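Spelled out from the first residue to the last, the chains are:
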Amino acid sequence: MSLSLQDVERIAQLARIRVTESEAAGYRDQLNGIFGLIAEMQAVDTAGVEPMSHAQDLAQRLRPDTVTEPDRRSAFQAVAPQVEDGLYLVPKVIE
Amino acid sequence: MNTIQSLSQLLAAGQASSVELCQDYLARIQTRNPELNAFITVDPERTLAEARAADARRAAGQAGMLTGVPIAHKDIFCAEGWLTTCGSKMLSNFVSPYDAHVIEQFKAAGMPCLGKTNMDEFAMGSSNETSFYGPVKNPWDTSRVPGGSSGGSAACVAGGLAPAATGTDTGGSIRQPAALTGITGLKPTYGVVSRYGMIAFASSLDQGGPMARTAEDCALLLNVMAGFDPRDSTSLERAKEDYTRELTPTPGARPLAGLKIGLPREFFAEGMSADTARAVEDAIAQLKGLGAETVEVGLPNSRLSVAAYYVLAPAEASSNLSRFDGVRYGYRTPEYEDLTDMYEKTRAEGFGAEVKRRIMIGTYVLSHGYYDAYYIQAQRLRRLIADDFTEAFKSCDVILGPTAPSTAFKLGEKADDPVQMYLSDIYTIAVNLAGLPGMSLPCGFDGQGLPIGMQLIGNYFSEAKMLGVAHQYQLATDWHQHRPALSEEKGVRS
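Chains A and B are the protein sequences, given in the same order.
Number 95 marks the last residue of the first sequence (the working numbering); no jumps.
Number 494 marks the last residue of the second sequence (the working numbering); no jumps.
Since the hints were derived computationally from the structure, they do not count as laboratory data.
Values in this document were obtained by computation on a predicted structure and should not be read as measured data.
Cβ atoms here follow ideal geometry from the backbone N, Cα and C, with glycine treated the same way.
Fair warning: there could be bad hints in the mix.
[What the hints assert, rightly or not] To spell it out: a stretch of chain B is covered by chain A in this simulated footprint if at least three of its residues, at any positions, have a beta carbon under 8 Å from a beta carbon of chain A; those stretches are:
| # | region |
| --- | --- |
| 1 | 27–35 |
| 2 | 122–134 |
| 3 | 225–234 |
| 4 | 376–385 |
| 5 | 441–451 |
Using the sequences provided together with the hints, build the complete structure.
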């Protein structure tokens, strides 16, 4: 397979990363190089092999439904780009 | 040679205080770090406050074995009050409001933090050249890379700027830099060390571990780091282990008698440099001299590990790194029109090129129409790779091979060629995919005087056994005691 410039733009948009027209060709070539490395796995017959998502076959633990976290809002918001009255500020989304 | 073990003895004997040890290391950091660039953040006031507290604890008779011994932490571990950047512009203003579990454990042991070490951005790299804070230099030859992603931790230990450091390993990021800088590093079994507060790259592969000069030090440090933590859903509920329990030499001249070492034929077939092949062969002969037997094993699917890894790790990274959007913490672009514009510019400006490449690969392999062909296929290969190890461990106790195909390469040599860079981890990645423990220890030098590392791979939860084997090797050899010329430690009390 080979990615086109349109593919790169589509991927960048899905990933929410602004890619300029001048950068797109560079990314296309680099990503195609990496997909060249990945391609060898396509030839392997894996019929009947159970996908392995994780190294440990763990069941998710459950805990009692009680409050475990203290209120640390001011400490956490101290590292935020923009806050007001305990709220995170972002550009207006709803007109 | 200053080890964690020897420094703890100095402290216990009252021959040095923690404040004195920290002052010596801070002075060395001040002198050497401008050249090595191993640290992103040093905060002497904070370090010395922790050292004074450790000395007070010792005076009160409440010191543990490692209380007062300083350590450096990879800048991927959140440490309250410390700038925690993960090597990225995206977190260049992030002063962590909380401690990672690993940091909590070292604080509880009373080990002062010497600083936060440089690393490849978000741990994505094998040379430390992707850091927003500039590349780290290898103390053995400052025109060469220290490996990555835990390159700052490796360089500061090799260069004598810290007696030990923490690292993390997703595809080889503890073992490969340990090999390239001539130190000892261990990636534990997945789930042994909590990932809480360790900034996530690929969550099913990431694992923290110790980097030090000896296997004995790694065992002492793993005793501190390991343990169940309910805040990490993959932390394993296991009884506390003493990882030093197999360090005691067994009586007799053949301390490794009965040990079966598996040699994977695929690791010795091709790709290794001649110097690396010779050093690993010499190490095998040495281990046989100590009583070990060798047996050939096969890991036929390990050749597919790099391909599978570069689907799975970017897929997980693209999801994990979606949290960096300029809203709750970290960098935000100064100018934007609407929310989407803010996200896209923040991420374009905050992430470096390698991180963006991996996010894009991950986004693509998870996208509609490609999920089965890439992501599920890679997960099936992961199963085949893990099954190879299960089969191999039926006939051996540990597996031995090279850690990296070559010694430290030149700065810039592979920086513009992602595929060549990825192949640096060809011997280490399969271990992460399977979730097994692996370690690297020094076993020789190449013709240019650069250190060579060998890799030991153990079965699940066999860290103590691996450390015991490595310890016997280090009792019989002195490769781990060689230091680069610039790291003589005249300042440090010893």
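To see whether the hints hold, each was checked on the structure:
For the region 27–35 of chain B, the stated coverage by chain A is violated: 0 residues have a C-beta nearer than 8 Å to a C-beta of that chain, whereas at least 3 were required. Under a criterion of three residues with beta carbons nearer than 8 Å to beta carbons of chain A, the stated coverage of the region 122–134 of chain B fails, only 0 such residues being counted. Chain A is given as covering the region 225–234 of chain B, and this holds because 3 residues of the stretch bring a CB closer than 8 Å to a CB of that chain, at least three being needed. Given as covered by chain A, the region 376–385 of chain B passes the check, having 9 residues with a CB less than 8 Å from a CB of that chain where 3 are the minimum.
Check result for the region 441–451 of chain B against chain A: violated, 0 residues qualifying (beta carbon to beta carbon below 8 Å, three or more required).
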